[in-house]
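All residue numbers for the sequence shown refer to the UniProt record's numbering, where the first residue is 1 and numbers rise by one.
It is worth saying that the hints were derived from the structure and are not from the lab. A few of these clues could be false.
[Stated by the list, open to error] Derived EDC-like pairs (lysine to aspartate or glutamate); straight-line CA-CA distance at most 20 Å:
id, residue 1, residue 2
1, 439, 244
2, 266, 254
3, 168, 88
4, 501, 531
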Amino acid sequence: MGVKYSAADSAQLIQAMTSNLQVANQVTDRLSSGCDHLIASLESGELQGAAYTAGKGLFTEVIIPAIKKLQEAIDDIQGELASYKSADSEVAGYGELDLDLLKEQLKIKNEQLAKVEKQIADNQDFFRNAGALLTGKLGELLSQTSALMEVETQLNIGIREIQEKIDKLEWFVDQVSQYFTDSLQVLGLAIQGATQLSQVLVDSEGNYSTDGIDMSWSTKMKAQKIQTISKKKYLEPKERLIQEASRNMMLSDEGDAYYRSQLKEKLKGKPRSEWDKIVDDYNHTLKIDNEGNIIDIFDFRAYKDRHYQKDDNFSVLKNGKYDSAYTRMVNEKYQELIQENFEANSVDLAKGVVEILAGLGIYAGTSLGAAFALEWAPLTGGGSALVAAAAVEAGYITAEGLVVDGTLSVARTLYEIDTANLGVTLSAASNYNSWQANKPTSKTISGRGGKLIEARVGNRKVKLRVDWEPTSGTNGDGVFQVQSGSGKSGYSIDEHIDIGKISDRNSVMNWVNKTRRLKNLNESVKNEIVDRIWKTFQNNY
1 MGVKYSAADS AQLIQAMTSN LQVANQVTDR LSSGCDHLIA SLESGELQGA
51 AYTAGKGLFT EVIIPAIKKL QEAIDDIQGE LASYKSADSE VAGYGELDLD
101 LLKEQLKIKN EQLAKVEKQI ADNQDFFRNA GALLTGKLGE LLSQTSALME
151 VETQLNIGIR EIQEKIDKLE WFVDQVSQYF TDSLQVLGLA IQGATQLSQV
201 LVDSEGNYST DGIDMSWSTK MKAQKIQTIS KKKYLEPKER LIQEASRNMM
251 LSDEGDAYYR SQLKEKLKGK PRSEWDKIVD DYNHTLKIDN EGNIIDIFDF
301 RAYKDRHYQK DDNFSVLKNG KYDSAYTRMV NEKYQELIQE NFEANSVDLA
351 KGVVEILAGL GIYAGTSLGA AFALEWAPLT GGGSALVAAA AVEAGYITAE
401 GLVVDGTLSV ARTLYEIDTA NLGVTLSAAS NYNSWQANKP TSKTISGRGG
451 KLIEARVGNR KVKLRVDWEP TSGTNGDGVF QVQSGSGKSG YSIDEHIDIG
501 KISDRNSVMN WVNKTRRLKN LNESVKNEIV DRIWKTFQNN Y
């Protein structure tokens with residue numbers, strides 16, 4: 001049976017859980033208060049005697065830890081119920097949803113659309129229009145085509161509406177399937193514990209015995225980890241794909257903004273089935289410098305003639321914007337290669353190309369030696385193939401990474417290299433795979449005043465930074481870390497919050513205010529820490 005959703009049933013679930021949580025909170029509060037009072041009375045001497053002293057062990061070792069864990073589970077359910085309500089609000093407006101039925105409706109509409117589009121294409125065929133003109137039926141044909149275009153528009157609207165319902169229902173299921181599992185495990189153990197505790201034997205001296213009773217529930221309950229799953233906003237599938245791709249890249253702030261804008265443009269109007277390939281293809285064209293900036297190199301030599309006397313042969317863009325320093329470096333290096341008559345030595349040309357790319361920070365290692373592991377896009381044409389083959393021979397790229405006309409080919413003649421090859425090679429080079437293997441695992445978040453936050457602790461000045469580690473944490477979902485160097489100040493911070501603990505800005509501020517090393521910072525510093533974490537969370541989750 002497929003997934004079905006009912007807004008009415010969901011509302012009843014929310015109401016029932018809310019009521020049950022109120023009762024559960026009251027019960028655990030009373031139990032906790034009673035236990036605390038009992039232990040306090042025993043420790044103060046108000047209650048004395050062997051029986052009381054022996055009974056204290058049962059409470060401190062078994063009952064009180066179980067109640068505390070139960071309270072933690074109830075708090076977890078309460079937090080995740082809030083997340084459930086948020087997720088529910090995205091689908092409740094549809095009333096009833098049946099995933100299998102929606103997919104069948106989508107299939108039918110897509111088939112109808114294909115037929116309509118084919119008929120429109122047939123009607124617009126030149127020879128058919130010419131025939132209609134000769135037979136006097138052109139007006140009828142144009143009218144029919146106009147009607148079909150209206151049907152096409154309505155079908156596309158219907159397809160988008162059905163696809164949106166499918167997307168939101170699948171997202172809802174993915175979200176809520178994570179809720180309540182750990183806390184329900186604790187509740188199950190608590191019920192088991194209540195049954196087992198009724199069988200505990202207590203003698204006249206107050207000593208208790210659990211012989212023959214399965215007390216494993218207590219150990220399991222103490223060990224059970226509880227993590228509240230925070231709510232996540234619904235994102236359109238395309239936006240979610242761009243966000244995930246961006247998170248995987250770990251580019252600089254400017255590089256990330258440019259990368260997202262480029263992906264958005266490349267995905268515009270493209271069928272969903274092609275999205276993953278479009279992203280992967282684009283990634284494998286990227287040249288990324290060692291600071292996470294995207295570099296584009298444009299070759300202007302083909303446009304230089306007697307009417308165009310600009311000295312620059314190449315222009316370099318960094319994150320989509322002209323970069324004068326990079327442009328100057330590339331052109332100066334190119335002029336050096338020309339003066340060295342590199343056409344006579346293809347290996348020197350390959351070395352020169354690699355050195356230019358390395359000068360831009362586009363490389364896979366710390367030196368120019370050994371295999372440079374630069375990725376090369378498929379090259380066509382003899383000249384560019386020669387340059388690539390020369391680079392292999394020089395040891396700057398690997399033969400396995402070189403594809404010429406769809407086949408591995410390094411045993412090509414190394415003669416007659418044209419200077420135009422340099423531009424082709426620069427444009428084709430990509431270090432995406434190398435960047436993925438060597439990219440940073442954390443990223444310092446900039447904010448007001450740059451990357452570091454100046455703070456005072458007593459009479460000491462300290463500098464703090466907020467780092468984002470997208471693959472760290474309990475489930476590998478990521479953490480935000482607030483750190484400082486111990487340095488001369490003698491004050492050191494190393495605190496982190498899991499992504500799963502963040503639901504809104506207040507949840508971050510609550511964490512700061514409860515964290516011993518952070519809570520006494522002044523309000524402006526705390527707000528700056530919270531703003532950096534919350535801004536990055538919103539951008540990436």
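Against the structure, the hints come out as follows:
1. Proximity of residue 439 to residue 244 is assessed by CA-CA distance (about 16 Å); at most 20 Å being required, the pair is judged to hold.
2. Taking the CA atoms of residue 266 and residue 254, the gap is near 18 Å; set against the 20 Å cutoff, the hint holds.
3. About 10 Å separates the Cα atoms of residue 168 and residue 88, which keeps this hinted pair within 20 Å; it holds.
4. Distance hint between residue 501 and residue 531 is fulfilled; the C-alpha atoms sit about 16 Å from each other, no more than 20 Å.
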